[in-house]
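Colleague: Residues in the sequence shown are numbered from 27 upward in steps of one, following my numbering.
Derived by calculation from the structure, the hints in this document are not laboratory data.
The beta-carbon is built from N, C-alpha and C at its ideal position, and this holds for glycine as well.
Be aware that one or more of the hints could be misleading.
[As the list claims (entries may be wrong)] Derived pair list, reagent style SDA-like, types lysine to any residue, alpha-carbon separation capped at 20 angstroms:
{"id": "1", "residue 1": "Lys219", "residue 2": "Ile117"}
{"id": "2", "residue 1": "Lys193", "residue 2": "Ser263"}
{"id": "3", "residue 1": "Lys219", "residue 2": "Thr70"}
{"id": "4", "residue 1": "Lys219", "residue 2": "Gly38"}
{"id": "5", "residue 1": "Lys50", "residue 2": "Lys63"}
{"id": "6", "residue 1": "Lys102", "residue 2": "Pro151"}
{"id": "7", "residue 1": "Lys102", "residue 2": "Ile150"}
{"id": "8", "residue 1": "Lys37", "residue 2": "Gly105"}
{"id": "9", "residue 1": "Lys37", "residue 2": "Phe116"}
{"id": "10", "residue 1": "Lys219", "residue 2": "Glu201"}
{"id": "11", "residue 1": "Lys64", "residue 2": "Gln83"}
{"id": "12", "residue 1": "Lys219", "residue 2": "Phe72"}
{"id": "13", "residue 1": "Lys76", "residue 2": "Ile117"}
{"id": "14", "residue 1": "Lys147", "residue 2": "Gln97"}
{"id": "15", "residue 1": "Lys37", "residue 2": "Thr248"}
{"id": "16", "residue 1": "Lys147", "residue 2": "Gln98"}
{"id": "17", "residue 1": "Lys193", "residue 2": "Ala173"}
{"id": "18", "residue 1": "Lys63", "residue 2": "Leu81"}
{"id": "19", "residue 1": "Lys50", "residue 2": "Lys102"}
{"id": "20", "residue 1": "Lys219", "residue 2": "Pro230"}
{"id": "21", "residue 1": "Lys37", "residue 2": "Gly216"}
{"id": "22", "residue 1": "Lys102", "residue 2": "Phe116"}
{"id": "23", "residue 1": "Lys193", "residue 2": "Ile117"}
{"id": "24", "residue 1": "Lys193", "residue 2": "Val264"}
{"id": "25", "residue 1": "Lys147", "residue 2": "Glu90"}
{"id": "26", "residue 1": "Lys219", "residue 2": "Pro151"}
{"id": "27", "residue 1": "Lys147", "residue 2": "Asn213"}
{"id": "28", "residue 1": "Lys50", "residue 2": "Thr248"}
{"id": "29", "residue 1": "Lys121", "residue 2": "Val186"}
[Said to hold, decoys possible] Cβ-Cβ distance ranges computed for the label pairs, FRET-style:
{"id": "30", "residue 1": "Met124", "residue 2": "Pro230", "range": "33 to 43 angstroms"}
{"id": "31", "residue 1": "Ser190", "residue 2": "Phe116", "range": "35 to 45 angstroms"}
{"id": "32", "residue 1": "Ser263", "residue 2": "Phe143", "range": "15 to 25 angstroms"}
{"id": "33", "residue 1": "Lys102", "residue 2": "Lys232", "range": "43 to 53 angstroms"}
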Amino acid sequence: MGHALITAGTKGLGKKVTEAFLEKGHNVTVSYRSDVKKAEELLTAFSSYKNNVQLIQADVTIPEDLESLVQQAVAKFGGIDYLINNAGPFIFDRKKLMDYTQQEWDDMIRGNLDSFFHLLKLTIPHMRNNRFGRVITYGFQGAHTAAGWLYRSAFAAAKVGLVSLTKTIAYEEAEYGITSNMVCPGNIVGEMKEASINESRLIPNKETPIGRSGTGADIARTVLFLCEDDSDMITGSVFEITGGLDVIHRYR
Numbered sequence: 027m028g029h030a031l032i033t034a035g036t037k038g039l040g041k042k043v044t045e046a047f048l049e050k051g052h053n054v055t056v057s058y059r060s061d062v063k064k065a066e067e068l069l070t071a072f073s074s075y076k077n078n079v080q081l082i083q084a085d086v087t088i089p090e091d092l093e094s095l096v097q098q099a100v101a102k103f104g105g106i107d108y109l110i111n112n113a114g115p116f117i118f119d120r121k122k123l124m125d126y127t128q129q130e131w132d133d134m135i136r137g138n139l140d141s142f143f144h145l146l147k148l149t150i151p152h153m154r155n156n157r158f159g160r161v162i163t164y165g166f167q168g169a170h171t172a173a174g175w176l177y178r179s180a181f182a183a184a185k186v187g188l189v190s191l192t193k194t195i196a197y198e199e200a201e202y203g204i205t206s207n208m209v210c211p212g213n214i215v216g217e218m219k220e221a222s223i224n225e226s227r228l229i230p231n232k233e234t235p236i237g238r239s240g241t242g243a244d245i246a247r248t249v250l251f252l253c254e255d256d257s258d259m260i261t262g263s264v265f266e267i268t269g270g271l272d273v274i275h276r277y278r
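Build out the structure end to end from the sequences listed, making use of the hints.
Modeller: This is the structure we're talking about:
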């Protein structure tokens, strides 16, 4: 089995992805920024996998933290087979571009776009050596069309740039057996981020056309599928996991 590096994989959508990789038998290195309690809870929840997981504190906006993260990951489990770029700062306050501060803009770009550049520089060499690699990024509905997103300008701009980078890496690294794809979650909030699909089906959701909320499990199963050996034909693609919900036009 392989080794997955999952950023921000101790809670929310990332936790379900971590869970999926561990249950599949992979070794997993997981980063977290500051929530030590959640990190400890993850180790407790997956105590049966204690030899297959390591947790490392890292701020993805700091290049030195990312360098240390990858160094520690490789030291424990060897080369990186799967890079799951789950971390991505987000501003929950709804505000127009003119109301953003310089710091907020910088945080969105550094945390969502620059961090991926640094991670690629650190992990792609390992994938090239193995002639195999899977890279997964996260976007938003319509990101591949360079859609505008009201009240989310900085985040959207970074993610649209990430689409192009995701596709470019797919072209450039294909000769090494490396694929690169983007997954775009729908409106997955609150407890649903760490819920199973069966749990979601017990709670009707009129807002989502399929009748239930999306969950972290929906995202995890998509990520795991794209990371399979036989998914090598799928690269440079963007997948929207929204249940038919028009996410970016919910507010006008």
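Colleague: None of the hints should be skipped; say for each whether it holds.
Modeller: Consistency of the hints with the structure:
1. For the given pair, Lys219 sits about 17 angstroms from Ile117 by alpha-carbon distance, which is consistent with the 20 angstroms threshold.
2. In summary, the hint linking Lys193 to Ser263 is supported, as the alpha carbons are separated by about 7 angstroms, within the 20 angstroms threshold.
3. As the CA atoms of Lys219 and Thr70 are separated by approximately 19 angstroms, the hinted pair is consistent with the 20 angstroms bound.
4. Distance check on the hinted pair: Lys219 and Gly38 sit about 5 angstroms apart at the alpha-carbon level, within 20 angstroms; holds.
5. A distance of roughly 25 angstroms separates the Cα atoms of Lys50 and Lys63; the hinted pair therefore is violated under the 20 angstroms criterion.
6. At most 20 angstroms may separate the alpha-carbon atoms for a hinted pair to count; Lys102 and Pro151 meet this at roughly 17 angstroms.
7. Between the alpha carbons of Lys102 and Ile150 the distance comes to roughly 18 angstroms, so the proposed pair stays at or under 20 angstroms and holds.
8. About 24 angstroms separates the Cα atoms of Lys37 and Gly105, which puts this hinted pair outside 20 angstroms; it is violated.
9. Of the pairs offered as hints, the one joining Lys37 and Phe116 holds, with about 15 angstroms between alpha carbons and a cut-off of 20 angstroms not exceeded.
10. This hinted pair does not check out: Lys219 and Glu201 have alpha carbons roughly 35 angstroms apart, beyond 20 angstroms.
11. With a C-alpha separation of about 12 angstroms, the suggested pairing of Lys64 with Gln83 holds against the 20 angstroms cut-off.
12. Of the supplied pair hints, the one linking Lys219 and Phe72 holds, its CA atoms being roughly 18 angstroms apart against a limit of 20 angstroms.
13. Distance check on the hinted pair: Lys76 and Ile117 sit about 34 angstroms apart at the alpha-carbon level, beyond 20 angstroms; violated.
14. Restraint check for Lys147 and Gln97: the C-alpha separation of about 12 angstroms stays at or below 20 angstroms, so the hint holds.
15. Between the alpha carbons of Lys37 and Thr248 the distance comes to roughly 18 angstroms, so the proposed pair stays at or under 20 angstroms and holds.
16. A hinted pair counts as satisfied when its Cα atoms are at most 20 angstroms apart, and Lys147 with Gln98 qualifies at roughly 16 angstroms.
17. A hinted pair counts as satisfied when its Cα atoms are at most 20 angstroms apart, and Lys193 with Ala173 qualifies at roughly 17 angstroms.
18. Our distance criterion of 20 angstroms between C-alpha atoms is met by Lys63 and Leu81, whose separation comes to about 12 angstroms.
19. Distance restraint check for Lys50 and Lys102: the Cα-Cα separation of roughly 19 angstroms lies within the 20 angstroms cut-off, and the hinted pair is therefore satisfied.
20. Taking the CA atoms of Lys219 and Pro230, the gap is near 16 angstroms; set against the 20 angstroms cutoff, the hint holds.
21. Proposed proximity of Lys37 and Gly216 is supported: the alpha carbons are some 11 angstroms apart, at most 20 angstroms.
22. For the hint linking Lys102 to Phe116, the alpha-carbon distance of about 31 angstroms lies beyond 20 angstroms, and the restraint is violated.
23. For the hint pairing Lys193 with Ile117, the CA-to-CA distance comes to about 25 angstroms; that exceeds 20 angstroms, so the pair is violated.
24. Only pairs whose Cα atoms come within 20 angstroms are accepted, and Lys193 paired with Val264 is accepted, the gap being roughly 9 angstroms.
25. A C-alpha spacing of about 13 angstroms is found between Lys147 and Glu90, which places the hinted pair at or below 20 angstroms, so the restraint holds.
26. At roughly 32 angstroms between alpha-carbon atoms, Lys219 and Pro151 are farther apart than 20 angstroms, so this suggested pair is violated.
27. Straight-line distance between C-alpha atoms of Lys147 and Asn213 comes to about 31 angstroms, which puts the hinted pair past the 20 angstroms bound.
28. Distance check on the hinted pair: Lys50 and Thr248 sit about 14 angstroms apart at the alpha-carbon level, within 20 angstroms; holds.
29. With a C-alpha separation of about 19 angstroms, the suggested pair Lys121 and Val186 falls inside the 20 angstroms cut-off, and the hint holds.
30. In this structure the hint that Met124 and Pro230 lie 33 to 43 angstroms apart at CB holds, the actual value being about 39 angstroms.
31. Judged by the Cβ atoms, the range 35 to 45 angstroms given for Ser190 and Phe116 is violated: they are separated by roughly 20 angstroms.
32. Judged by the Cβ atoms, the range 15 to 25 angstroms given for Ser263 and Phe143 holds: they are separated by roughly 20 angstroms.
33. Evaluation of the 43 to 53 angstroms hint for Lys102 and Lys232 yields a pass: the beta carbon distance comes to about 46 angstroms.
Against the hints set out earlier in the document, violations occur for numbers 5, 8, 10, 13, 22, 23, 26, 27, 31.
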